[in-house]
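What follows is the residue order along each chain.
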Amino acid sequence: MTRLKPYLYVAPLVLLLGFVFGTSLVRMFEFSFKMIRGVDGPWIGWRNYRLVLNQPLFWESVGHNLQLLLAIPILIGLSLLTALLLYERLRGWTLWRAVLFLPYVLAIPIIAVVMKQMFQFNGPVNEVLRWLSLDFMALDWIGSPDIALWTVMGLIVWREAALGTILFLARLLSLDESLVEAARIEGANWWQRAWHILIPQMRGVIEFFSVICVITMLSAVFAYVYILGGGRGGPGTSTMVIELYIYNALTRQSLPGIAAAVSVMLFVVSLGLIYLLFVVRRRQDD
Amino acid sequence: MTNPRTLVADGFKQAALGAAALVALAPTVFMIVTALKPQSEYMVNKVGLPREPVLEHFRAVLGSPEFFRWMGNSALLVTGTVLLSTAVAALAAYAIARMEFRGRLTLLALCTALMAVPPVVMVVPLFVLYTQIGLISSYHGAILIYAALVTPFSVYLLTTFFRTIPAEMFEAAVLDGAGDFQILTRIVLPLALPALLTLVIVNALWVWNDLLIAVIFLQDDAKRTLMAGIAVFQGRYNNQIPLTMAGMAVASAPMIILYIIFQRQFVRGLMAGAVK
Amino acid sequence: MRRTLPLLPQMRRRDVLLGMGAAGAASALPRHLAAQTPSLTMWWWGEQELPGLQAFVEESIAGYDAAQVSSMLQDTSVVISQFQTAAAAGSPPDLQYLWNGIYHMESVWFGYVKALNGLMDEGILRDSNPTVLSNFRGNTYRTGWYPLPMFILYNKDLFDRAGLDADAPPLVWEDFLDACDKLKSAGIAPFGGGAQDGYWAEWYVTHAFAQTIDTVGEAVELFIGDKDFRDPRYHEHWTRLQELRELGFLNDEISSIELYPGIDLVPAGRLAMSMSIGTRLLEDSNATGGRVGAMVLPTFGQGALAGRPIVDMQGLGIAEGSSEPEAAAAFLEYLNSPERLEAFYRLTGWLPASNRFDASLIENEAVAGMWRSWNTDNQITNVTNLMPGQFYEQAAIPTGQQVAQGSMTGEEAGDLAARVAQEWRDFNPDLVELYQEWVEDLSV
Chain A
248 MTRLKPYLYV
258 APLVLLLGFV
268 FGTSLVRMFE
278 FSFKMIRGVD
288 GPWIGWRNYR
298 LVLNQPLFWE
308 SVGHNLQLLL
318 AIPILIGLSL
328 LTALLLYERL
338 RGWTLWRAVL
348 FLPYVLAIPI
358 IAVVMKQMFQ
368 FNGPVNEVLR
378 WLSLDFMALD
388 WIGSPDIALW
398 TVMGLIVWRE
408 AALGTILFLA
418 RLLSLDESLV
428 EAARIEGANW
438 WQRAWHILIP
448 QMRGVIEFFS
458 VICVITMLSA
468 VFAYVYILGG
478 GRGGPGTSTM
488 VIELYIYNAL
498 TRQSLPGIAA
508 AVSVMLFVVS
518 LGLIYLLFVV
528 RRRQDD
Chain B
7 MTNPRTLVAD
17 GFKQAALGAA
27 ALVALAPTVF
37 MIVTALKPQS
47 EYMVNKVGLP
57 REPVLEHFRA
67 VLGSPEFFRW
77 MGNSALLVTG
87 TVLLSTAVAA
97 LAAYAIARME
107 FRGRLTLLAL
117 CTALMAVPPV
127 VMVVPLFVLY
137 TQIGLISSYH
147 GAILIYAALV
157 TPFSVYLLTT
167 FFRTIPAEMF
177 EAAVLDGAGD
187 FQILTRIVLP
197 LALPALLTLV
207 IVNALWVWND
217 LLIAVIFLQD
227 DAKRTLMAGI
237 AVFQGRYNNQ
247 IPLTMAGMAV
257 ASAPMIILYI
267 IFQRQFVRGL
277 MAGAVK
Chain C
4 MRRTLPLLPQ
14 MRRRDVLLGM
24 GAAGAASALP
34 RHLAAQTPSL
44 TMWWWGEQEL
54 PGLQAFVEES
64 IAGYDAAQVS
74 SMLQDTSVVI
84 SQFQTAAAAG
94 SPPDLQYLWN
104 GIYHMESVWF
114 GYVKALNGLM
124 DEGILRDSNP
134 TVLSNFRGNT
144 YRTGWYPLPM
154 FILYNKDLFD
164 RAGLDADAPP
174 LVWEDFLDAC
184 DKLKSAGIAP
194 FGGGAQDGYW
204 AEWYVTHAFA
214 QTIDTVGEAV
224 ELFIGDKDFR
234 DPRYHEHWTR
244 LQELRELGFL
254 NDEISSIELY
264 PGIDLVPAGR
274 LAMSMSIGTR
284 LLEDSNATGG
294 RVGAMVLPTF
304 GQGALAGRPI
314 VDMQGLGIAE
324 GSSEPEAAAA
334 FLEYLNSPER
344 LEAFYRLTGW
354 LPASNRFDAS
364 LIENEAVAGM
374 WRSWNTDNQI
384 TNVTNLMPGQ
394 FYEQAAIPTG
404 QQVAQGSMTG
414 EEAGDLAARV
424 AQEWRDFNPD
434 LVELYQEWVE
444 DLSV
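Residue numbers (the working numbering), protein chains in the order written: chain A, 248 to 533; chain B, 7 to 282; chain C, 4 to 447.
Next comes chain A alone, as it looks inside the complex (with noise of 0.2 Å):
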């Protein structure tokens, strides 16, 4: 009984996770080699890798993604100094905290649909950029092919950067303030304590969410997508990402096999990811 005991109780875990992801991996492999029609169909070895990789389509996507990684630096540099100031605690700085955290707190699509409309060509945005005489600001951000990833990599920036803040800010506060003070009293200034006593300390917790901002980018962007690129990665095949690819193939064009064989790369590549997070987390915690 006893040593039966621990399997029981992970034996809700197992159950669970093999329903679901149990038979489910297995076929996606399987499903990969095979022209799928319905819910079944003929194996046709790697043909469906073939067709994938050499169709620019997919690699446009891929492109996308790897684009949205740009917005990493920027996104952990606004957390960083949001959270730097934070951690000053002037007056009212949990009230800042607190609207400083709402972006995250605001579903993706709902903040998608009401940015969809501020960002319109004849919108509140450009109203405002041309009433300060700034018509050359005023783009067609989500209209044109060349601005409308950009348009997405911003709003990504906008709601992340609030976990981002949240973290880095979690992680400043447990920290030992002697340094901090001793610093503060042979007179260095707010940029030098920052610079040379803060960051330095806070390396496992950037590292940490940078991966997290990697797989982020590069397989949880859709609901951006979606509703930004008018539900289907446009204008054009602009905002075209590989979240998207998927999706498309399986609901729009009845291609499981197609959908399954990019899944396997993703999850292939996700799965390499998610190792690296790993080795950061345990040199974190070392």
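For the record, the hints were derived by calculation from the structure and aren't laboratory data. Errors might be hidden in some of the hints.
Stated by the list, open to error - One-sided and incomplete, this derived list gives chain A residues near chain C with beta-carbon spacing under 8 Å: (1) Asn369; (2) Gly478; (3) Gly481.
The beta carbon of each residue, even a glycine, is placed where N, CA and C say it ideally should be.
Take the given structure of chain A and dock chains B and C to it, following the hints.
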């Protein structure tokens, strides 16, 4: 304290924080202000305050049963998922952290690896599976998927947390004659409250905000979630911006209200999970 | 046919329209009838684009004794996937709403839809106008339910203001450009709408691409590779759009707003011409005191389909898995009875598809005018109903959006279309064969 240089520097810092707060708040303010404008006014006044605020859009949204049905559906999914995944994860994490058994580390490694699975990847095989066993458009089917997607992280987090609880506490409990289940419910879980809070918040937000699983696995109109509902809502009324914004405001109200009430627990809970 | 309200979560590209049925899943109350009365389920859609259809469905069911029918209004985004999923699982509804062309032909090819000839009265079936796109291997798979004329909506007051004859809109491209020029000089945005969600690009293909071909089968030949989009003739419609863009004749916000807000600009007096559909006409006409008109897209093309009015047709069909196909067919015949056709008009204010409808009942002048000029033997169907999903998503929509926005030329659009058509053939060898066979039914 009254050093003028410090005062100036603090002024700059406050200004910077104020600017950031402004950017963070702008969309919410735009949403609410616009919802209070008559349609005709929005056409000519997209930025300013409403000249004569109207409540007709809020009344229209609150008067339609859809919104409450969608919220109810989302709340049901959130509750089901959080309860299921927390219970499953707590049991398993306790065993992994505190018991010796074969396959322990394999199980933990597997869980960790499953954290790497992007939800979109699971859609294809699960859709086929659910079609075959008739689970499309069922609440329990969707809850199982949501729970499975959030549980690996929960197990990982709770295992880490349980391991930090001093061994002496367990030994004392065993001496008092407590069994494992009692130790788990009476000692470990109360101690792990911050971590549990983190999990509840993160997982609830995740399920509440999800659009992907919701649109694929809950196709039935009567089971639509809030996120899928507002997506449809904005498509239906995309030429009536103030009405759309009223819908968005009402849709975000539950989380904003919860956030305002539990703001400290919210932030503290997230912090606890993030930086162990 | 997607068209109507664009919405968000589309499960499949075909879903298009928008959703939010005013009433959700309504099921008819079970009625106490003899045990032998067959029971039927009907999944339908359309209240979204034609308010009043729900009332018609409910009244029809309540007044029908030969079977007990329960109905469910489907959400726009799942009209096709829900049916296909249920059919694959072996539990489809008996009666199913079917959009035209590939939107139901794919289900036919998968074996989910039953041929109607032989099952119901041939005369009633023919008169319901299912259109040629419902035929495969000599069988017909739908009855027509209601027509959806597609046209260019224009604002007569704006035409007047620019010194144009509001009752004689341009017929050929040169006159169209001339009219646009006059409108622009008068400070009025001449043509456009909203392309952000993509449907505008689809409708543009409906109107402009049709001018370049002689039969709808010719469009299919382009997909299966017998003809090539790089041939200037077959991307001329995009070149013409580029021309409109370069001359500054498209409204400046076309790329950032959606389909319906774009059409709304016409009755609002902020845009002279946009593409629209019949079910909106009554409302737009009333909103402007009758000061909007409907015209065919002026012609540039030499194809046999150029300059002809376009009518798409919504329809109903019977699932292959239905256990009561005869009862379902009888119900379809009942919906096409003169009394039901009249009820359709009375409850929706719009026209049913069948020739058996008494057109003298039409009261509204705008609707009657549309009936006279669009319901002729001259009418053609909507070519986008032939597009494979992959082509629709990856070529038709992206090209239209980018040409209208100015970041792609007509020629580049032709190159992209040719490439995507080739990719579709590589990805779907099995569908290519079926399409090839379909052409035989279409090239008439």
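Hint check:
1. Asn369: holds, 5 Å
2. Gly478: The hint holds - glycine 478(A) has a Cβ within 8 Å of chain C, the shortest such distance being about 5 Å.
3. Gly481: Because about 5 Å separates glycine 481(A) from the closest Cβ in chain C, which is inside the 8 Å limit, the hint holds.
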